[in-house]
Amino acid sequence: MHIPDGYLGPETYIPLMGAFVAAAAVAVVKVKKEVAAKNIPYLGMAAAFSFIIMMFNLPIPGGTTGHAVGAAVIAILLGPWATVIAVSVALIIQALIFGDGGITAIGANCFNMAVFMPFVAYWIFKLFRMKSEKPGRVFFAAFMAGYISLLMAALITAVEFGIQPLIATTADGKALYCPYDLSIAIPAMAIEHLVLFGVAEGLVTAFVVRYFFNHDRENIYAIQKGGRHE
Amino acid sequence: MPSRKEDDMNKLQKRILIFLVVLIVLTPIGIFLPMAFDAGDAWGEWSAETVEGLIGYVPEGLQKYSDTYQAPMADYSMNADDPSLGHQSGYYILSGLIGAALTLGVTWLLSKLIIRK
Numbered sequence: 001m002h003i004p005d006g007y008l009g010p011e012t013y014i015p016l017m018g019a020f021v022a023a024a025a026v027a028v029v030k031v032k033k034e035v036a037a038k039n040i041p042y043l044g045m046a047a048a049f050s051f052i053i054m055m056f057n058l059p060i061p062g063g064t065t066g067h068a069v070g071a072a073v074i075a076i077l078l079g080p081w082a083t084v085i086a087v088s089v090a091l092i093i094q095a096l097i098f099g100d101g102g103i104t105a106i107g108a109n110c111f112n113m114a115v116f117m118p119f120v121a122y123w124i125f126k127l128f129r130m131k132s133e134k135p136g137r138v139f140f141a142a143f144m145a146g147y148i149s150l151l152m153a154a155l156i157t158a159v160e161f162g163i164q165p166l167i168a169t170t171a172d173g174k175a176l177y178c179p180y181d182l183s184i185a186i187p188a189m190a191i192e193h194l195v196l197f198g199v200a201e202g203l204v205t206a207f208v209v210r211y212f213f214n215h216d217r218e219n220i221y222a223i224q225k226g227g228r229h230e
Numbered sequence: 001m002p003s004r005k006e007d008d009m010n011k012l013q014k015r016i017l018i019f020l021v022v023l024i025v026l027t028p029i030g031i032f033l034p035m036a037f038d039a040g041d042a043w044g045e046w047s048a049e050t051v052e053g054l055i056g057y058v059p060e061g062l063q064k065y066s067d068t069y070q071a072p073m074a075d076y077s078m079n080a081d082d083p084s085l086g087h088q089s090g091y092y093i094l095s096g097l098i099g100a101a102l103t104l105g106v107t108w109l110l111s112k113l114i115i116r117k
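Taken in sequence, the protein lines are chains A and B.
Be aware that the first sequence starts at 1, since it is given in this note's numbering, and climbs by one per residue.
Be aware that the second sequence starts at 1, since it is given in this note's numbering, and climbs by one per residue.
Think of the hints as simulated: they come from the structure by calculation, not from any bench.
Errors might be hidden in some of the hints.
To be verified - Using 25 Å as the maximum straight-line C-alpha spacing, the simulated PhoX-like pairs for lysine-lysine come out as follows:
hint, chain 1, residue 1, chain 2, residue 2
1, A, K33, B, K112
2, B, K112, A, K30
3, B, K112, B, K11
4, B, K64, A, K38
5, A, K126, A, K33
6, B, K112, A, K32
7, A, K33, A, K131
8, B, K112, B, K14
9, A, K32, A, K126
10, A, K174, B, K64
11, A, K30, A, K174
12, B, K11, A, K38
13, A, K126, A, K30
14, B, K14, A, K38
What the hints assert, rightly or not - Negatives, chain B to chain A, calculated, CB over 10 Å:
hint, residue
15, L26
16, G40
17, G61
18, N79
19, D81
20, D82
21, G86
22, H87
23, Q88
24, T107
Glycine residues also receive a C-beta, built at the ideal position from the N, C-alpha and C atoms.
So here's chain A without its partners, still in its complex pose:
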């Protein structure tokens, strides 16, 4: 899901960079307000976890590869705004040092995986948990949060890819950037995330949330309904 350089034209990557910068600015204000100083180490470790989990490429046999992102579990444990900071740092380091995701696409990638995804995950978790403290319900809600949020992130990524042929082509009708339109990009990204990568994100989310639910329940953001200010 790391869009490389050259797949998005400036008409797409500049607005997405703007949206990401705006969200990051809000995140700074929110994190200052709602994250306790004792959670700083956890935020660092969460970012590192996201970095590492993205290295586990999973194969669709004979097809493409993909991976979990870890944004869902961080959103549940530390809140979606803290996740914006943590996962953006991981993604920017991946782009700058390891060439994973383009430089021009940093805004798009951060928007998709570090802004959009954690908020979807957070709300799906709340929706499915329905304030229950039953371990089974929490586990299921966490799985759904991971599964659906990665799928949604894949879908907006597919839309960004798929609108390229609509926005810009050469005079002779050839693609300028991503050559595949929505009718190809959306099913391709949807199916692989429905059958495999979303399941991986769901399982990672469910098991890590279960661990913290058993060991450090009072410190789970989504169970404290918004952190210490609510």
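Please arrange chain B on chain A, whose structure you already have, making use of the hints.
Frame of chain A; chain B shown alone:
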């Protein structure tokens, strides 16, 4: 969790760090599994040459932007031409260590700057 001295690493944090290191050591799974199941690039992350193979040409803009930047450790490797799978696994683990440590450090510092009042 009982609140202890803030700066001391507590048991839970130590456990998480150990878990992260174990994960890093296991990252080569992310190389082996795709090889074992004959899976290629992620969708939409093909190189310019691969795109040419897929559609018969390289889109102009893709060509122009695709080499705007050369990352120092591209593809989580220090030597992408090395054919040895063992070496590549080592590079991958090293990349994981460097990347995770850097990510942890930058996030820690950044959140410290944001949160201190």
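Item to check | Non-interface claim for B:T107, where every Cβ of chain A lies beyond 10 Å | outcome: violated (4 Å)
Item to check | Hint consistency between A:K126 and A:K30 [alpha-carbon to alpha-carbon, up to 25 Å] | outcome: holds (19 Å)
Item to check | Nearest-CB test (10 Å) between chain A and B:G86 | outcome: With a cut-off of 10 Å, B:G86 remains clear of chain A, as the shortest Cβ separation is near 17 Å.
Checklist entry - Given the proposed pairing of B:K14 with A:K38, does the C-alpha separation stay at or below 25 Å? => result holds (14 Å)
Checklist entry - Is A:K30 within 25 Å of A:K174, Cα to Cα? => result Measuring from Cα to Cα gives roughly 45 Å; hence the hint is violated.
Checklist entry - Given the hint that A:K33 pairs with B:K112, does the C-alpha gap stay at or below 25 Å? => result Status holds; Cα separation ~13 Å.
Checklist entry - Keeping to a limit of 25 Å between CA atoms, is the pair of B:K11 and A:K38 held or broken? => result Satisfied, since the Cα-Cα distance of roughly 14 Å is no more than 25 Å.
Item to check | Status of B:H87, Cβ more than 10 Å from any chain A Cβ | outcome: With a cut-off of 10 Å, B:H87 remains clear of chain A, as the shortest Cβ separation is near 17 Å.
Item to check | Exclusion check [B:G61 not at the chain A interface, CB over 10 Å] | outcome: The assertion about B:G61 is violated, with a minimum of 4 Å to chain A.
Checklist entry - If you draw a straight line from the CA of A:K174 to the CA of B:K64, is it 25 Å or shorter? => result Distance ~15 Å between A:K174 and B:K64 Cα, so the pair holds.
Checklist entry - Is B:G40 truly not at the interface, in the sense that its beta carbon sits beyond 10 Å from all beta carbons of chain A? => result Its Cβ does come within 10 Å of chain A, the nearest being 6 Å, so this is violated.
Item to check | Nearest-CB test (10 Å) between chain A and B:N79 | outcome: Non-interface label on B:N79 holds, nearest chain A Cβ at 14 Å vs cutoff 10 Å.
Hints 4, 11, 15, 16, 17 and 24, counting from the list given before, are not met by this structure.
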